[in-house]
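Participant: Just so you know, the sequences run in chain order A and B.
The first sequence: position 186 = 186 (our numbering), numbered continuously.
The second sequence: position 7 = 7 (our numbering), numbered continuously.
If you're looking for bench data, these hints aren't it; they were derived computationally from the structure.
Here the structure is a predicted model, which means the values were calculated and not measured.
Just to be clear, a hint being listed does not mean it is correct.
[What the hints assert, rightly or not] Which stretches of chain B does chain A cover? Using the computed rule of at least three CB atoms under 8 Å from a CB of chain A, they are:
1) 7-14
2) 17-29
3) 51-62
4) 67-81
The beta carbon of each residue, even a glycine, is placed where N, CA and C say it ideally should be.
Okay, here's what each chain looks like letter by letter:
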Amino acid sequence: MDIIELDKVYKSYDGIPVLRGVTLRVPQGIVYGVLGPHGAGKTTLISIMIGFLRPDRGVVRIFGSDNLQQADGHVGYVPERLRYHARYTVREYLWYLGRFSGLSGAVLRQRVNAEIGAFDLTGVADQPMSALSRGMLQRVGLAQALLSEPDLLLIDEPTAGLDPEGQRDIIEMLAAVRQRGPTILMTTHFLDEADLLCDRIGILHGGRIVAEAETHTLHKPASSILITVADLPPATESALTALSPAVQCNRREITLAPNTPELQAQVLRLLLDHGITIFTLAPRRHPIEEFYLETVRGDAKRDGSSDAPPPGLSGTGDTLLRELLRQEEQRTLEGRERNHL
Amino acid sequence: MNALARTFWFAVFTLNEYLRSGRIVVEAVATAVAYYLFFRRWTTPMTPEYFFSTVGLFALGLTVYTGSTILALGDRPYGYVILARRLGRGPYLLGLYLTILAVTWGMYGVICLLVALTNPIRGLGFADWVLGTIPLLLNLALLAAFLTLLTPIVLPAPWRLAVLALVALAFSGSLIGGATLSSLPESVAIALDVVRTVLSTPLLPAFTGFAISVSRDYSGASAVVPVAQLFLVIGLLAFAVYSFAKRELVFSA
Chain A
1 MDIIELDKVY KSYDGIPVLR GVTLRVPQGI VYGVLGPHGA GKTTLISIMI
51 GFLRPDRGVV RIFGSDNLQQ ADGHVGYVPE RLRYHARYTV REYLWYLGRF
101 SGLSGAVLRQ RVNAEIGAFD LTGVADQPMS ALSRGMLQRV GLAQALLSEP
151 DLLLIDEPTA GLDPEGQRDI IEMLAAVRQR GPTILMTTHF LDEADLLCDR
201 IGILHGGRIV AEAETHTLHK PASSILITVA DLPPATESAL TALSPAVQCN
251 RREITLAPNT PELQAQVLRL LLDHGITIFT LAPRRHPIEE FYLETVRGDA
301 KRDGSSDAPP PGLSGTGDTL LRELLRQEEQ RTLEGRERNH L
Chain B
1 MNALARTFWF AVFTLNEYLR SGRIVVEAVA TAVAYYLFFR RWTTPMTPEY
51 FFSTVGLFAL GLTVYTGSTI LALGDRPYGY VILARRLGRG PYLLGLYLTI
101 LAVTWGMYGV ICLLVALTNP IRGLGFADWV LGTIPLLLNL ALLAAFLTLL
151 TPIVLPAPWR LAVLALVALA FSGSLIGGAT LSSLPESVAI ALDVVRTVLS
201 TPLLPAFTGF AISVSRDYSG ASAVVPVAQL FLVIGLLAFA VYSFAKRELV
251 FSA
């Protein structure tokens, strides 16, 4: 059974289209990740699913019904913006939200205590939320969303704005949440996060879901490999480049592109024979990153649009979208400078 | 939990936040100042008419301030998390409305209590006080309902302006009259008079309610005025809830 069904959903703000025919199916029990850069329309998509916004056109069904109010109480929502009623303590806040969800008495107290424990909020449960860090507030966000044990969880950019440690904590907690069994739809622009948490991802580009994939199918042997090592002596560098034109050396980095298992084995054997210390061996591009690039480039070619990522872009996992944005900003700045001159 | 209970708990939640934020100090100080200036024991004894007319005007002013502040509390992104629950938009809006009433009616109660303790009004028994208080409180409820309707989360800007324009037209009698009216072509003057009469009809319960509060005279048709006030409150709130339910939810940043 599909918990979420979107058919050709369109939405624009003041005539500017944001969603241009989003079609999406999320089956029961999976974690679905909507990937896209800032401004792609991810928050708009979630706001439509929860009934805050209405699509200009198209059909939205949650639990098989297009009356989204019927889904109230079965849907948990974690907003991207961490804005909560700061004058309340965590416990009071969860208690009231439980009340609004229809819980009461001993059940309400038990649920509040359970979520406080589950998200490691015991130490701050009686502190006002104004005193909490961003990471703690995000935990409160997850706790409130799960208070009424919803069947569907909508999470908007769960780790946006968190430091790396905070991101890791939230990812671990979300991994625990998925064990509880609700269907989860989350938006993110962090590829690693999508890879770790999602069963299926959809790329939101140009206002549409342009491609979907099961994340496990993307974990094929990487097409290119980056090996970082201690300084390479010139003799080793020569020996490596002599193995194949696919091997490129840069003092502390060796790139295998295209990569084959045989070539990889040869390179590693040579490095070990020469007593070179190997620090890391990783795909030059994250599998999801490759999928994203292929999708976006293909879509841009079909559309003839100019927002395809620049050629030769590389990154390590979750940096790709940020890199795309950085390069876009750079191009804009350069354009402005040219205009100014 | 039914909608009434959810409305009640959201009102408690909002009132609690209002108290904790310290905003209530403004109302408390205003009430203390009003008591000191208008209702403490002076050389001349206070009459019931003086009390109800003065406290009625003060409470209306207080309702405008409190209503604007509390409705602004409801127009924050904090509301997304709350409205994503089973609460529903109707109870959300009515909860804000009840919070306004709790504060303004509460301050009216404080003034009444202070007056009863320090400067009892000669000739005003409990029954007489109730008769004056009912239309007064209903007028406050009416104004709060009107403010709720005009809040940005309920009506979009063009609609708000249209409603305010209609109210202005209804009140235009004091500005466009006499010589101005006679200088207009007869057909325009008649049309304006008709429009004004039609538009000012919904305002009648408010004005007559104020008059009854001061006179406490329920003879004749006056007895139906509180009922008319109540129906007008319900009508305004129903329109506000309907409009809020139909709107896209975009809170102010």
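Participant: Go through the numbered hints given earlier and state which of them the structure violates, listing their numbers in rising order.
Facilitator: 3
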